[in-house]
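Enquirer: Protein chains in written order, with our numbering: chain S, 64 to 369; chain B, 4 to 405; chain W, 459 to 800.
No lab work stands behind these hints, which were simulated from the structure alone.
Since this is a predicted model, take the numbers as computed values, not measurements.
Quick reminder that beta carbons are idealized off the backbone N, C-alpha and C, glycines included.
Some hints here could point you the wrong way.
What the hints assert, rightly or not - Residues on chain S that point at chain W, a partial pick, calculated with CB under 7 Å:
| hint | residue |
| --- | --- |
| 1 | K185 |
| 2 | D265 |
| 3 | Y266 |
| 4 | T269 |
| 5 | R271 |
| 6 | K273 |
| 7 | G274 |
| 8 | P276 |
| 9 | H284 |
| 10 | K287 |
| 11 | N288 |
| 12 | P292 |
| 13 | P363 |
Residues per chain, in single letters:
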Amino acid sequence: MGNYLVKRLFSMLITLWFVITITFFLMHSIPGGPFTREKELPPQVIEALNEKYHLDDPLYKQYFDYLKGVVTFDLGPSFVMTGVEVTELIRKGFPYSARMGGLAALIVLILGIPIGIISALKQNSIIDYIVTIIATIGVAVPGFVVATVYIYIFSSKLSLVPSFGLDGWKSYIGPVLALSFFSLAFVMRLMRSSMLEVLGADYIRTARAKGIPEPIVIFKHALKNAIIPIITYIGPMIAAILTGSFVIEKIFAIPGMGKYFVESVGNRDYTVLMGTTVFYAALVIVAILTVDVAYTLVDPRIKFGD
Amino acid sequence: MDNKKISPELWEKVETEASQTEKITRKSLTYWQDAWRRLKKNKLAMFGLAVVILIVLFAMFGQHLTDWDYSSQTLKNANLPPKMDVYPVTEDKNVFVHREYTLFLVSDKGEIIERLEPTNGTLDIMQNKRRVYEVDGNEVVLDFSFIAAARLKDEVAEKSFELKVNDELVETTESTWNMTYLLGTDDLGRDLLARVRYGATISLQIALVATLVQFFVGVFYGAISGYAGGTVDNVMMRLVDIISTIPLLLYVILLMVVLGSGLSTIMLALGLVYWVRMARIVRGEVLSLKEQEFVMAAKTLGASTWRIISRHLVPNALGPIIVSLAMMIPSAIFTEAFLSFIGLGVPAPMASWGTLANDAVKALRSYPHQLMWPSLAISMTVLSFNFFGDGLRNALDPKLRR
Amino acid sequence: MREKIVDVKNLKTSFYTHLGEVQAVRGVSFDVKKGEVLGIVGESGSGKSVTAMSVMKLVSYPGNIKDGEIIFKGEDLVKKKDKEMLSIRGDKISMIFQDPMTSLNPVYTIGNQIMEAITRHQGLDKKAARKKAIEMLRLVGIPSPEDRIDNYPHEFSGGMRQRAMIGIALSCEPDLLIADEPTTALDVTIQAQIMELLKELKDKIDTSIILITHDLGVVADTCDKIMVMYGGLAMERGTAQEIFYEPKHPYTMGLLKSIPRMDLNETGRLVPIPGTPPDLISPPEGCPFSARCPYSMKICKIDMPEYTQFNEGREAACWLLHEDAPEVEVDTGVKRGEVNDK
Chain S
64 MGNYLVKRLF SMLITLWFVI TITFFLMHSI PGGPFTREKE LPPQVIEALN EKYHLDDPLY
124 KQYFDYLKGV VTFDLGPSFV MTGVEVTELI RKGFPYSARM GGLAALIVLI LGIPIGIISA
184 LKQNSIIDYI VTIIATIGVA VPGFVVATVY IYIFSSKLSL VPSFGLDGWK SYIGPVLALS
244 FFSLAFVMRL MRSSMLEVLG ADYIRTARAK GIPEPIVIFK HALKNAIIPI ITYIGPMIAA
304 ILTGSFVIEK IFAIPGMGKY FVESVGNRDY TVLMGTTVFY AALVIVAILT VDVAYTLVDP
364 RIKFGD
Chain B
4 MDNKKISPEL WEKVETEASQ TEKITRKSLT YWQDAWRRLK KNKLAMFGLA VVILIVLFAM
64 FGQHLTDWDY SSQTLKNANL PPKMDVYPVT EDKNVFVHRE YTLFLVSDKG EIIERLEPTN
124 GTLDIMQNKR RVYEVDGNEV VLDFSFIAAA RLKDEVAEKS FELKVNDELV ETTESTWNMT
184 YLLGTDDLGR DLLARVRYGA TISLQIALVA TLVQFFVGVF YGAISGYAGG TVDNVMMRLV
244 DIISTIPLLL YVILLMVVLG SGLSTIMLAL GLVYWVRMAR IVRGEVLSLK EQEFVMAAKT
304 LGASTWRIIS RHLVPNALGP IIVSLAMMIP SAIFTEAFLS FIGLGVPAPM ASWGTLANDA
364 VKALRSYPHQ LMWPSLAISM TVLSFNFFGD GLRNALDPKL RR
Chain W
459 MREKIVDVKN LKTSFYTHLG EVQAVRGVSF DVKKGEVLGI VGESGSGKSV TAMSVMKLVS
519 YPGNIKDGEI IFKGEDLVKK KDKEMLSIRG DKISMIFQDP MTSLNPVYTI GNQIMEAITR
579 HQGLDKKAAR KKAIEMLRLV GIPSPEDRID NYPHEFSGGM RQRAMIGIAL SCEPDLLIAD
639 EPTTALDVTI QAQIMELLKE LKDKIDTSII LITHDLGVVA DTCDKIMVMY GGLAMERGTA
699 QEIFYEPKHP YTMGLLKSIP RMDLNETGRL VPIPGTPPDL ISPPEGCPFS ARCPYSMKIC
759 KIDMPEYTQF NEGREAACWL LHEDAPEVEV DTGVKRGEVN DK
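If we strip away everything but chain S, and leave its shape as in the complex, we get:
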């Protein structure tokens, strides 16, 4: 088990390094450099700026400096918002995104798993029918549609909830709903089909033949097996919620990290763009590592080797 952990950790670091490198070189291959704006700056100013930010250093030096910076949690200053460090932006914005995203993930699991199970147990009943329809539609509707429809109905027409910002519990409903919608539908479907598959397995028949009462057959024998694909999905789910947050934060005007990320794309604020990308990547990597560990706790078959 320890061996496995170390291997995973190592590959995760490689991945992170890979992302940093790609991001770095991509950013530095943008024609014109970071100070080419629509309004032309006088060349002396550009020169001074380049010197100030060490942009005239040889590329490999800049690269290693940046790597050093990442390790010391120094992601450089913003090129657009003078005087603001990238890490500061992350520190400001991340709590919002985290709260929203975390809630969304929780909802997906807390709602999606039981509903999927019930749907499987009551196969072909009305409940199952409704769940299947919602789930099928849910994976086809983009998050921004959910967000905007929600705003339209509950905010404009009914004035029940605020339509922007994140203060007060009411304002969480919309963003969390929009963020979790797709994954919730997905998990419901996945849980249902996984449960159905497991319930038809031979070892369930064996459990019944041992005289085990049905509730225990379902919750002890079936569930632990059926939940495995769900755990596998948690990694991609976090990635989906993360990327979804870009758009949701923009629509709901939430000052989270996603908003800064999107703005940096528009402003061509390269350090912020790089920094937030690296941060996101690191987040996902950590999340996946955690999920993998959780996975080994459930499925003993993979303890040994990859």
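Since chain S is already given, all that's left is putting chains B and W on it; use the hints.
Expert: Just chains B and W now, kept in the frame of chain S:
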């Protein structure tokens, strides 16, 4: 035992049609025929396919459904809805009250004739919040002072406007469909039907080309990796693993920032990032097929490597590949919409469903129809592809062959 | 005369699918006495597995026992409610299945799965249950059971897994063990070992066994009596000796002709039975075997023959055995006087 007497002829021997009992009851079909047959039976999948075909036809030929071009602006006709509550003025002429409290002359068939010009001066309009018009000799007054008045008294207004024709209060008589702009207009007076159709071409193109790029790069990479096996495969897949750990969208965004917004850059970016998914699938298929006995059989019969790949491996791997392709298209549409929302969509004057949606967000509260059409288009397309793709997956699964 | 452990009378089980009623078992009767091994032999689709599942009342939806009695230790199981069956399954009647790879839950240890049955039915605490479980593993021939009890199924080989399954099934010392094709998925050498194990344990624990199989070879060695099933009905019943050396039913004779016999001095070819089993949604009116029987007569297609009783427990359903039937030269597959005495 009862005493029923059994009549003698019943003891006669009967020839067994044993040879017949082993007769194969169905003529055998090829893999593809069988798959197509099963697909046809799946009503949901066929429905999805039908909708997809309809959408494609719409994209290709839909411009004839409307007189307008996707880019021609008629600023006067900005933000018109697809369905209007009209007020009668004369025998055959009605008026529609725009949200901005301007008046449009509408024929009784629902066609927009023109936006009327008020006869009173700007000062009068601003101070008294009313516009006066003349229509075929009738005086039409639009009074929209109620909201401002209510605000002064800190109350909620009962109504937002009042329409009087020749000093008589008029109520709306009917709700007609906008026959000039079937889906309404956007904030620059462009016909939404034309724009959604145009957006369809762009979005579908992007999805198609991106998918093709993913296909070629992915199949190439995956087949080599799978067939080569050993260390080559290990290294190649390591690379894929590393790339895939991070949300691929981040790469796309970065690429777009580097390459700049543009139709071709989006296609390229999507293709160059998402190929890893296809590569994985193809490699998996090739790996498992490679070990199967029919490959060994072919080898013992003396087939060359090329023949093995083209005649044996690829056709068998084609099933999951086709299914993946069918699912990549909706995924690309989603992603393109997403990119548009971040500001990385196709640049103006081009329009995709994503950019249409993004543009419409700010007008959501006032003119929700503008967001509704592209959203509906996206959802319907994705849903149909999902149904079709699911059906395809079930039909092409050889284990389900009956 | 030993007592009857289970006495099945006219069992009928059907599956009610959207395609129609699949009559899997159409009126089967048999009994098993204490310490006996009954072999139920038949092709796929003959109804033998469903018969076994019916005895445990484990027929899965959309199946149901339509009619008949299953008298187990004086009580009719058919009338029992599901809750009551819980204390019988795993405790008084146990079952082992064909594929040990998939019949064990992959995410729990072997020990956990054995102890589950023990704690549930015998009320032992964890420590005592664990001791008993280790004993069971030792009994079924698993080396170093104290260590292996904490292994997961995937860490066992196929043969060991089946042994573990037997261990689980016998852990509560049931009166009846039903073994549904226990060796079909195993290598031939392992097959022999498992069958030996079953015989050994049967004597040690004094349990009765119903052995379901399509393999006559397996049956020959272990079974006291045999029931041959076809198309949802029993064709013939008798002791192993009687069935192998004096078969009365053409189907049995066909089966015997299609396997190599080491115990006869015969030469010549194996003769397979041509044709395929009948469709159970619309089962044939008369004898189910009539379509493939070389001796079938007109009456065979019209009516199912009644059972001709020879002795207690020895019967066969064939019109040829009717008192009015014509004398027909029947090839039993056993030439008299050519039996190799083992």
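Enquirer: Each hint: holds or not?
Expert: Each hint tested on the structure:
1. K185: violated (13 Å)
2. D265: holds (4 Å)
3. Y266: holds (4 Å)
4. T269: holds (5 Å)
5. R271: holds (6 Å)
6. K273: holds (4 Å)
7. G274: Interface hint status for G274/S: holds (3 Å vs cutoff 7 Å).
8. P276: Given a least distance of 6 Å, the restraint on P276/S holds.
9. H284: holds (6 Å)
10. K287: holds (5 Å)
11. N288: holds (6 Å)
12. P292: violated (13 Å)
13. P363: Check passed: Cβ of P363/S comes within 5 Å of chain W, closer than 7 Å.
Violated hints for the displayed structure, listed by number in ascending order: 1, 12.
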